[in-house]
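Go by the hints and put chain B onto chain A.
These are the residues of each chain, in order.
2 protein chains.
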Amino acid sequence: MTIENWTQRFPGLAKLSAETQNLLLDKSNVISVPAGTTIFGPGNSPENMLFLLDGTVRVQQVSETGHEIVLYRIHAGQSCVLTTACLLAFEDYSAEGICETDIQAAAIPRTVFDDLVAQSKQFRDFVFAAFSKRITDLFLMIDEVAFQKMDVRLADKLIALSDGQDTIATTHQKLSVELGTAREVISRQLQEFQRRGWVEQSRGSVHLIQRNALENLAGHNH
Amino acid sequence: MTIENWTQRFPGLAKLSAETQNLLLDKSNVISVPAGTTIFGPGNSPENMLFLLDGTVRVQQVSETGHEIVLYRIHAGQSCVLTTACLLAFEDYSAEGICETDIQAAAIPRTVFDDLVAQSKQFRDFVFAAFSKRITDLFLMIDEVAFQKMDVRLADKLIALSDGQDTIATTHQKLSVELGTAREVISRQLQEFQRRGWVEQSRGSVHLIQRNALENLAGHNH
Numbered sequence: 001m002t003i004e005n006w007t008q009r010f011p012g013l014a015k016l017s018a019e020t021q022n023l024l025l026d027k028s029n030v031i032s033v034p035a036g037t038t039i040f041g042p043g044n045s046p047e048n049m050l051f052l053l054d055g056t057v058r059v060q061q062v063s064e065t066g067h068e069i070v071l072y073r074i075h076a077g078q079s080c081v082l083t084t085a086c087l088l089a090f091e092d093y094s095a096e097g098i099c100e101t102d103i104q105a106a107a108i109p110r111t112v113f114d115d116l117v118a119q120s121k122q123f124r125d126f127v128f129a130a131f132s133k134r135i136t137d138l139f140l141m142i143d144e145v146a147f148q149k150m151d152v153r154l155a156d157k158l159i160a161l162s163d164g165q166d167t168i169a170t171t172h173q174k175l176s177v178e179l180g181t182a183r184e185v186i187s188r189q190l191q192e193f194q195r196r197g198w199v200e201q202s203r204g205s206v207h208l209i210q211r212n213a214l215e216n217l218a219g220h221n222h
Numbered sequence: 001m002t003i004e005n006w007t008q009r010f011p012g013l014a015k016l017s018a019e020t021q022n023l024l025l026d027k028s029n030v031i032s033v034p035a036g037t038t039i040f041g042p043g044n045s046p047e048n049m050l051f052l053l054d055g056t057v058r059v060q061q062v063s064e065t066g067h068e069i070v071l072y073r074i075h076a077g078q079s080c081v082l083t084t085a086c087l088l089a090f091e092d093y094s095a096e097g098i099c100e101t102d103i104q105a106a107a108i109p110r111t112v113f114d115d116l117v118a119q120s121k122q123f124r125d126f127v128f129a130a131f132s133k134r135i136t137d138l139f140l141m142i143d144e145v146a147f148q149k150m151d152v153r154l155a156d157k158l159i160a161l162s163d164g165q166d167t168i169a170t171t172h173q174k175l176s177v178e179l180g181t182a183r184e185v186i187s188r189q190l191q192e193f194q195r196r197g198w199v200e201q202s203r204g205s206v207h208l209i210q211r212n213a214l215e216n217l218a219g220h221n222h
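These protein sequence lines are chains A and B, in that order. My numbering puts the first residue of the first sequence at 1, with every later residue one more than the last. My numbering puts the first residue of the second sequence at 1, with every later residue one more than the last.
No lab work stands behind these hints: they were computed from the structure. None of the hints are false.
Covered by chain A, according to a simulated footprint, are these stretches of chain B (three or more residues, beta-carbon under 8 Å):
1. 67-81
2. 117-125
3. 141-152
Predicted, not measured: the structure shown is a model, and the values here were computed from it. Ideal placement from N, C-alpha and C gives every residue a C-beta, glycine not left out.
Okay, chain A solo, but in the shape it has when bound (with noise of 0.2 Å):
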């Protein structure tokens, strides 16, 4: 598979009849961006729809208290559909996206993408069932902020950001975000899990050791 024919990378895309995949293939540019980019944000809507080829995009909020919570990350695969149909319609969204890593991306027009909502009924089963998909995962976190305790959480977050790794590149701060809590927690938490032989921390990293460990607490072994 090549950047030329990209739709056959998102299963949605692939199925589209071949004259509407290959209006998105020429409606669209394929983009680089390089990591630590904010792709979009308060007061910087996007013009384009976002299909990721390459790389991760993380998506936060920022609330008016200063806070920040990690809402979901965009792999390669994936569309920004929900972020783009937001900023569209909403001038004070709050979200931003920013860029984990160096990305490649397919960027529609937003006229196109009206275009094709109007003329293919399978663009628009695409977009509606990438919206589910946002919208449940929106749901799951409103349950796992409200109901699961913080151990399990980090333990399960520490697994999910390790990508089968032994070390994550991390501070207590950015863990803190991703969990939408104080960073004193974090760090209570963290302790607690070096204490009992868990985890090893240093400057800028979380060492594990015992991922098992980690596993069980999260739940993943049952």
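Below, chain B alone, put in the same frame as chain A:
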């Protein structure tokens, strides 16, 4: 305004062309449903999009762990576009809609909804604006659940539920579902409000004695 031209009750629909409005009026059924009815939920997907003409629908989530939390309410003049789209796309959607009052709604079959999205740019704008509003509400709720103190949230919720009256028919259990917390947390906090002379409790209701003190705590009087 009569039921016969109900589209006039929705600012976003009143702007549609006469043709599109007539299609909506023509293809919809006005239904009446008694208070307490579950109008959609797991295993009970709607085949209609509802436009609420009268009454209130409470949308709540039941998590796998058995916790309930109120996500939002649909009031007269609003549509349940978010839930509809979710239910269309995902089988395992876990939110349910319960009529809090007797309601009256215009029901549009799924196929008509899809035709309208295809045909009318204004209807698309209405749908995406409705999506954005709900999603923004969910973002705010995540922020609130994660960062706001429970005493502030409870004071705010009591003011909202009172609807200008001094007595609220509710229970500790119901308030815990509204706020996504344990019943014990609500009981403890209400006892504290009662100790301060702000509320009085009796079986099945809470009486607001010092509304102003609750409003101050909730930050309504800045």
